[in-house]
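The chain contents come next:
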Amino acid sequence: MTSLSDIPVIQTPPEAPARGGNPLANVFDDFIRYCRSRSLFMLHYCTGCGAIELPPAMTSRFDMERIGIQPMVTPRQADILLVTGYVSVKTLKRIILTYEQMASPKYVIGICSCTVNGGMYWQSYATAKKLNDYLPVDLYIAGCMPRPEAVIEGLKALRDNIEAGTSDNWKDYYQRYDHYLGNQQRLFGADWQTPTEVIAEAKHYGLFGPDTLGEHTRRLEDHRKPLEPLRMTLNAGRLEHME
Amino acid sequence: MRAENYQSRAQPPSHEYELNFGPNHPGIEGNYALKVRLHGDTVIDAKADGGYLHRGFEKLMEQRLWIQNIALVPRICVPDPAPMELAYSMAVETLCGLEVPARAQWLRVLQMELSRVAAHLFTFGGHAATTGMYSTMFWGVADRDLILDLFEELTGGRVYHIYNLPGGVRRDVPDGFLDRVSATLDYLESRLADYDNLFFTNQVFITRARGIGPMSQQQALELGVTGPNLRATGLAFDVRRDDPYLVYDQIEFDIPTETAGDAWARTLVRRAELKESIRILRQVVARLPGIPGPIRAPIPNPLAWNVPAGEYYSRVESSKGELAWYVVSTGGAKPWRTHIRGPSAMHAVQVLETLVQGCRLEDVAQIMFSLDACPPEVDR
Amino acid sequence: MTTDIGQWLGHLIGQVEGVQHRGRHARRQRLDVAPDALPALLELLQGKGSFVHLSAISCVDWPEDGQFELVYHVWSYELKTLVSAHIRIPREPGRYLSVYDIYKPAAFFERDIHEMYGVFFEGSPSMEKFILTEWDGPPPMRKEFDSENWVNDHFDWQDYHPDWLNDIESRGGGIAIRPDEQRFSRKAKHES
Amino acid sequence: MNVASLLVELVLMPLVAFVVGLAMVLMMRRIAARLQRRVGPPFFQPLFDIVKLYGKHTQTSHGLVHDLGIVMAVGGYIAAETMLPVPGMTGIADKGGLVVLAYVMMVPSLGLALGVGQCANPNGSIGISRALTAMLAYDVPFIIVIFGVAFHFGSSNLITIAAAQQAAGIAGWGVSQMPLLALAGLFALHGMLGKQPFEIYVAPAEIATGPMVEMSGKHMGGLFVMQCFQLYTAAVLYVTLFLGGGENWLSFLAKSFAVLAVPVSLAYLFPRYRTEDLVRLMWKWPTMIGLLGLAFLMH
Chain C
1 MTSLSDIPVI QTPPEAPARG GNPLANVFDD FIRYCRSRSL FMLHYCTGCG AIELPPAMTS
61 RFDMERIGIQ PMVTPRQADI LLVTGYVSVK TLKRIILTYE QMASPKYVIG ICSCTVNGGM
121 YWQSYATAKK LNDYLPVDLY IAGCMPRPEA VIEGLKALRD NIEAGTSDNW KDYYQRYDHY
181 LGNQQRLFGA DWQTPTEVIA EAKHYGLFGP DTLGEHTRRL EDHRKPLEPL RMTLNAGRLE
241 HME
Chain B
1 MRAENYQSRA QPPSHEYELN FGPNHPGIEG NYALKVRLHG DTVIDAKADG GYLHRGFEKL
61 MEQRLWIQNI ALVPRICVPD PAPMELAYSM AVETLCGLEV PARAQWLRVL QMELSRVAAH
121 LFTFGGHAAT TGMYSTMFWG VADRDLILDL FEELTGGRVY HIYNLPGGVR RDVPDGFLDR
181 VSATLDYLES RLADYDNLFF TNQVFITRAR GIGPMSQQQA LELGVTGPNL RATGLAFDVR
241 RDDPYLVYDQ IEFDIPTETA GDAWARTLVR RAELKESIRI LRQVVARLPG IPGPIRAPIP
301 NPLAWNVPAG EYYSRVESSK GELAWYVVST GGAKPWRTHI RGPSAMHAVQ VLETLVQGCR
361 LEDVAQIMFS LDACPPEVDR
Chain D
1 MTTDIGQWLG HLIGQVEGVQ HRGRHARRQR LDVAPDALPA LLELLQGKGS FVHLSAISCV
61 DWPEDGQFEL VYHVWSYELK TLVSAHIRIP REPGRYLSVY DIYKPAAFFE RDIHEMYGVF
121 FEGSPSMEKF ILTEWDGPPP MRKEFDSENW VNDHFDWQDY HPDWLNDIES RGGGIAIRPD
181 EQRFSRKAKH ES
Chain E
1 MNVASLLVEL VLMPLVAFVV GLAMVLMMRR IAARLQRRVG PPFFQPLFDI VKLYGKHTQT
61 SHGLVHDLGI VMAVGGYIAA ETMLPVPGMT GIADKGGLVV LAYVMMVPSL GLALGVGQCA
121 NPNGSIGISR ALTAMLAYDV PFIIVIFGVA FHFGSSNLIT IAAAQQAAGI AGWGVSQMPL
181 LALAGLFALH GMLGKQPFEI YVAPAEIATG PMVEMSGKHM GGLFVMQCFQ LYTAAVLYVT
241 LFLGGGENWL SFLAKSFAVL AVPVSLAYLF PRYRTEDLVR LMWKWPTMIG LLGLAFLMH
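Residue numbers (this note's numbering), protein chains in the order written: chain C, 1 to 243; chain B, 1 to 380; chain D, 1 to 192; chain E, 1 to 299.
Honestly, the hints are just simulated from the structure, not real lab data.
There's no promise every hint is true.
What the hints assert, rightly or not - Label-pair ranges, simulated between beta-carbon atoms:
{"hint": "1", "chain 1": "B", "residue 1": "ARG287", "chain 2": "D", "residue 2": "PRO138", "range": "49 to 59 Å"}
{"hint": "2", "chain 1": "C", "residue 1": "ASP191", "chain 2": "B", "residue 2": "GLY358", "range": "30 to 40 Å"}
{"hint": "3", "chain 1": "B", "residue 1": "THR201", "chain 2": "D", "residue 2": "LYS129", "range": "38 to 48 Å"}
{"hint": "4", "chain 1": "B", "residue 1": "ARG287", "chain 2": "D", "residue 2": "GLY66", "range": "49 to 59 Å"}
{"hint": "5", "chain 1": "E", "residue 1": "PHE43", "chain 2": "B", "residue 2": "ARG287", "range": "50 to 60 Å"}
To be verified - Which residues of chain B face chain C? A few of them, derived with a C-beta cut under 7 Å, are:
{"hint": "6", "residue": "PRO26"}
{"hint": "7", "residue": "ARG55"}
{"hint": "8", "residue": "PHE138"}
{"hint": "9", "residue": "GLY156"}
{"hint": "10", "residue": "VAL159"}
Quantities reported herein were computed from a predicted structural model and do not represent experimental measurements.
The C-beta atom is built at its ideal place from N, Cα and C for all residues, glycine as well.
Next up, chain C with everything else stripped away, as it sits in the complex:
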């Protein structure tokens, strides 16, 4: 059992002092934040059954494009990672890879009860139970499955949070990388690593916190392998005949 303090809560960042006391100094930042909240590209990745309510939310009846949300195909282009429903361990690895490839500021939304606490698959050996152990979740939309109205309502809440500057959990991933990596290692094994250099990125973007490094990140060094050529994974048996 984790205690309440382990759960990342949405923290309001300290108010940035206006430069030189000029009231207009933050206008530009505010404008960018406003644009950010009005233009959200969500990643087109159906991780679970909640994805079935996304087409209705996107298409003619509920039309997400009204509030500036449109699906995007690759993680590089996307702002929101919608984790729609239960996440099997195999998918969770891909989700983490995907998340790390997205360009920040990036937001994670957990849709469906399964992302909150395993939902009705709480007994299942194959699904992860608590998404915010592995990724910094900005918003949960509970329900099995949430209706398109609820999805849009949740996205609007995210929009408002972004506009107000309170949705900054992506920074938490850099600042407390050790915590997230530890949970990932616990599930995937100690040799878990991703191709993205999260620590270097944290340093580069000035988000290096006291908890970025820790015992879990030290393990990365032990297991870091050079990129080596690997066996062909495609129909291994049949290929040997061909070659």
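Given chain C's structure and the hints, the job is docking chains B, D and E onto it.
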């Protein structure tokens, strides 16, 4: 991370390369992956990679009561969940020797066929989107929503209904519901002409779909293909007629077939099935008010319900093909073993791997969607 | 019709040793087969009985008997009958023959059973992992694998946060439509 | 023309093109929404998208050529804008003319090819090879059309062409004088926009948006800006060649938007062609129509 998941093999021949189709790819239905090896634009070889949606259903069901599992089973196939409940309920009923009242059987037909219409509309949309025609997807999904509204009214759930129980159904139709079904069917039928103009007789789409992923009847039978994909090769097999369940033997409907066996033929078969389902629904609407009776047979206390020992293999025709449950009971309060045979278990793995060989890169997604493969049925 | 098929089947299986026939439900026939006789029986069913469609292969674990039960469900498009051939193989070492050369769909089911139960099928085209590629534990469908314990060992549970609920209610959330305001009446119609 | 006013025009023309291009993107998305029976994006959506993309914290670059490719893509169009006369501003249109413009309009595709090549993503490489093939396909009718128009007006100078049409009234417009070439030009315009049925190089379901697959942040923003310029360039070029150019801003913009609305409205009713079908179509019908139109002109 096991490194083989994101690296290619050592020194491949320079003219050959590997492409990962999925799991995060718009050309893949759901959360599924295909590793495709290409020579230029031509697919040499493909390997399906599943398990992204694995939840261990069969294990979960062994740990829950017979009645609890009803809430679990529709989750196996998301676009077309209703037949799952039905097949499981039928298996339990057969084991218990429960007699399902006539009215419940007609209500189940109503649910099944509405679900089939919804699933087909969804498939058309997905298939059109793989060829770049998003308007059909926008229309299809929006029209499918009208059926979800009907489901919501009938069962309380838009997507997962949990409407069937062993022994009957959970609710009777609300007042005026059948009129609303009729009105929705009228609307859908009037929309079919629009869909024809936009999609089914669109010359560009025909150019794209004709001759793609062809399958002979012999090949289809060898590979265990069922459902609309089998009917597109000319064999008029439908579980509803050949292994009848519910009251399908009292209903008039045709089994549409095509002979070409390609993506185009599969789409045409689905379109014809949509019309047949509407025809079945009209018969249900006409006959349901005249059928009296309770909507479920009495069952024992569901929390202490020991289903007699035995085993049964129940089959239904889902929108994707033959769906079967093998249920084994040892007389306990929980199933000893349930095994689901989803139609896509064949279509998404062996059939897909076979059909994409030799096709072009641009047709891989189309072949998958024209087979109407549903990955959660594979992964369970 | 059923009895005809029953008689016909009885005649057919007379040619193979170690087969018992039972039919209890309409269009369902059950055969209990000795493990050695199964490939011959399936070939006979496919060749003479037009049972060309392998619907599924199911595996049932019977730990008390120390056996796995393998059930081959085959369907004939002409006779419109499903025959389930049951065999029992010892749990250890859990090896059996593949029927891939008779029925191609067997490849999927055999691979699946191999993953979920650890039964090895000789001659199957691929015994590689498919669904559980990233699973290191024991075959999960075996009865001795306790998934609840495994879950408790590997996952944390979310704590209950009433403050989240307060937050939702302060935004006007909660129950959107009170039960008495719901628009769909539940009155049954069939009495009339 | 003195240097100062030329410089002002050189700055203003791309700016105007960008603003008009934003409105064109909005129109395109709204038309799509209407055809798909929905509401569509808010008015400032194209602007929000671009500002958001440029305001991203993470900027993933795959190397110098990747950055340079985007600069080439946007820069090629900016150069093209300065050669397209608009009401009141001619920029360097009299220096360049049609032939240079046709060259400059190929630069963005080539730049994109360079940039995408460095991403080392196979989807991107496939996409860009498709884009270049598509360019090869629509450039044949495009060059025929350009040649025909230049032949008809006896000049390759866009200012002269527009002035000649304006002097003769509607009967003297390219579209009345050379209807076949105008039709072929419309095909080439549609191909140039890369919308369905000629959308092969984006093709999300096949190659995950092809050239854009590795683009994020500023690079993606650059592509969004490029799209604005692309729509503007294609529409304005067509208006200048066939619809009498711009007498005043009102009629000029009305004509540009109307021209653009034709391919955009058609686009959302079709799936995409395969590459070879696209090449076959482009080299068959618009080329034949164009050659026929040319024959009438020469006659």
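Hint-by-hint comparison with the structure:
Taking the beta carbon of each, ARG287 of chain B and PRO138 of chain D are about 53 Å apart, inside 49 to 59 Å as hinted. As the Cβ distance of ASP191 of chain C to GLY358 of chain B is approximately 39 Å, the hint placing it in 30 to 40 Å holds. Remark: the range hint 38 to 48 Å for THR201 of chain B to LYS129 of chain D is upheld by a beta-carbon distance near 45 Å. Here the CB-CB span from ARG287 of chain B to GLY66 of chain D is close to 53 Å, well matched to the stated 49 to 59 Å.
Checked against the given bound of 50 to 60 Å, the beta carbons of PHE43 of chain E and ARG287 of chain B, roughly 53 Å apart, stay inside it. The criterion of a C-beta within 7 Å of any C-beta in chain C is met by PRO26 of chain B, whose closest approach is roughly 5 Å, and the hint holds. Checking ARG55 of chain B against chain C by beta carbon gives a least distance of about 5 Å; that is within 7 Å, so the hint holds. Given hint, PHE138 of chain B at the interface with chain C, holds; its Cβ is 4 Å from that chain's nearest Cβ, closer than 7 Å.
Interface restraint check: GLY156 of chain B against chain C, minimum CB-CB distance 12 Å, threshold 7 Å, status violated. About 6 Å separates the beta-carbon of VAL159 of chain B from the nearest beta-carbon of chain C, less than 7 Å, and the hint is met.
Checked against the numbered hints given earlier, the structure breaks only hint 9 and satisfies all the rest.
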